[in-house]
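*Asks:* Make a model of the complete structure from these sequences and hints.
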Amino acid sequence: MKLVIVAGPPSSGKTAVIRQIIRGIPGMATAYLKIDVTRAFEVEELVQEFGIPAKVVYSGDLCPDHAGVMVLADALSWAKNEGADLLIVESAGLCLRCAPYTTQALGLVVLSATSGIHTPLKMGSMVALADIAVITRTDLVSQAEKEVFSEHVREVNPSLELIETNAVQGTGMRYLLREVEQFPAITDAGTIHLRGEPPLGVCTICIGKKEIGWQNHFGVVRTLDGADYLYRGD
Amino acid sequence: MPAPSNHSGMHCSTGHTISILPGRTRTGEHEPFDRIDIGPGDTISIVGPTGSGKSAFISDIEVFARGDTATGRTILVDGRLPDEAFVRDPAQKPVALITQNTRCLTDLTVRDFLAMHVRSRKIEKQGIIGETIALANEFTGEKITEEARMTALSGGQTRSLMVADAIMVSCAPLILLDEVENAGIFKDRVIDVLRLHHKALIFVTHDPLVALMSDRRIVMKNGGVAKVLEPNGSEVAALRSAKEMNVLLSRMRERIREGDLITGVA
Ligand SMILES: Nc1ncnc2c1ncn2[C@@H]1O[C@H](COP(=O)(O)OP(=O)(O)OP(=O)(O)O)[C@@H](O)[C@H]1O
Ligand SMILES: Nc1nc2c(ncn2[C@@H]2O[C@H](COP(=O)(O)OP(=O)(O)O)[C@@H](O)[C@H]2O)c(=O)[nH]1
Ligand SMILES: [Mg+2]
Ligand SMILES: [Mg+2]
Ligand SMILES: [Zn+2]
Chain A
0 MKLVIVAGPP SSGKTAVIRQ IIRGIPGMAT AYLKIDVTRA FEVEELVQEF
50 GIPAKVVYSG DLCPDHAGVM VLADALSWAK NEGADLLIVE SAGLCLRCAP
100 YTTQALGLVV LSATSGIHTP LKMGSMVALA DIAVITRTDL VSQAEKEVFS
150 EHVREVNPSL ELIETNAVQG TGMRYLLREV EQFPAITDAG TIHLRGEPPL
200 GVCTICIGKK EIGWQNHFGV VRTLDGADYL YRGD
Chain B
0 MPAPSNHSGM HCSTGHTISI LPGRTRTGEH EPFDRIDIGP GDTISIVGPT
50 GSGKSAFISD IEVFARGDTA TGRTILVDGR LPDEAFVRDP AQKPVALITQ
100 NTRCLTDLTV RDFLAMHVRS RKIEKQGIIG ETIALANEFT GEKITEEARM
150 TALSGGQTRS LMVADAIMVS CAPLILLDEV ENAGIFKDRV IDVLRLHHKA
200 LIFVTHDPLV ALMSDRRIVM KNGGVAKVLE PNGSEVAALR SAKEMNVLLS
250 RMRERIREGD LITGVA
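Which chain is which? The protein sequence lines are A and B, in order. To convert, note that position 84 of the first sequence is 83 in numbering that gives the first Met the number 0; the numbers rise steadily by one, no gaps. To convert, note that position 69 of the second sequence is 68 in numbering that gives the first Met the number 0; the numbers rise steadily by one, no gaps.
Where hints are given, some of them may not hold.
What the hints assert, rightly or not - Some chain A residues close to chain B (C-beta under 8 Å, calculated; not the full set): (1) Gly115; (2) Ile116; (3) Thr118; (4) Glu146; (5) Gly171.
Hints listed in this document are in silico derivations from the structure and should not be mistaken for laboratory results. Every residue gets a Cβ at the ideal spot worked out from N, C-alpha and C, and that includes glycine.
*Replies:* Next up, the structure:
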């Protein structure tokens, strides 16, 4: 079985891209897992449209990218039991500190060309740790903007493969389908791990202390003018 | 044939022949042509009612369709399926599309925006930004300044700048224009300048003057090509009168804008 992990900001076109993958590789039995914070609509839509096994996990209080990692081993067994050749995981795309990509998985970041040319620079590890950037809504911007946008994506991650598309129509998708088709299957699910270093950002707000001001908190804190994070012992 | 003016960048490559192979209409009929070839310097207009597939036709060219769009058409470059770099590397891509809804979303000044595009193209030519803005200003009556913000440009200014950018920075040998006649752009001037630069040009239009200025005219119907017309000079008289009427209308438009009462046609 192959694993494809799709990240990207909300409404960037992740589901539209996933639809094109499912539609474009009809020979591959696909299972779909959506990770979201409180509400997601994809599962009903994709089940209705393609009749594929699909599940949603709500992360609630947990960072959605962390929740995805927590459930991934279970999800791989589930997809395997469903007879899937391909598991596609769609992230919530809200956490800009974390990235959901793992080893032995194809990591796609979906970015909308209409989101402003500086967006790629703000997306941090979501772009830096991906294998492929799919740039959607290229039907709505000029050639010049498309080029500048792509240039900024490359600035964050020069080795990223870029695919421009109108994800609704599926233009340019042949290059993405080829990458998915050529990507190797999981060799050893027991050794899959998260790529990159997850941020070690746990502070007392994370555990429910609500006062404002760093003076009221412990763990990793920061001040307005100090550029560095400080550790304030318990 | 007029010599290309000194506008054209030295980094621009020469043209290619782009061919369109037929697809299907919205109701599945085969399109009634074998192949449409577009060579350097050719001008083609696309006409037809709203929803007849004009924008889809030029979009097929822009994305180098390979049976993978709604129309099932295939695009060849120099007689073959294009190399991947042609489609994916902007520096090699031989077409630039200025769409019906081209808006610039980037909140930068015109100068910074063009500088960024020039940088991403690794062009070192001095003065190219100023030349691009000057060319854009030949297409629009509302002057574009270097300091203007891209997001504050009018529709006509944006399109003018994008056409100038396609010529000067993108160096695209084939330019696709979707309804360039919309507000605030000197449509016949754009076409003349593109010809001067020896660009191949395909334009979607509802405007008789623009339609008559092309060498060939593709008539769309129900999502497919219905006819390919080659007037071969038979429309010269019609073009002449369209030009005269256009001069008259432009003059009237200016006077109406100035607030005059129009009591005679001269
Ligand atoms: N051959 C085809 N088969 C299926 N769908 C098509 C075909 N040609 C066009 N379409 C679809 O029909 C719709 C209308 O086409 P398009 O936008 O190209 O029309 P248009 O002639 O540009 O109209 P307008 O003058 O209003 O801009 C689009 O959604 C397009 O994708
Ligand atoms: N015009 C255009 N619309 C797109 C494109 N990609 C996605 N959309 C639309 O944008 C909206 C959000 O896309 P969706 O896939 O749900 O985004 P997600 O939240 O990242 O999964 C939907 O209405 C899509 O149809 C694109 O390339 N072009
Ligand atoms: Mg989605
Ligand atoms: Mg149109
Ligand atoms: Zn996180």
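*Asks:* Output the numbers, in ascending order, of every earlier hint that fails for this structure.
*Replies:* Violated hint (a single one): 3; every other hint is consistent with the structure.
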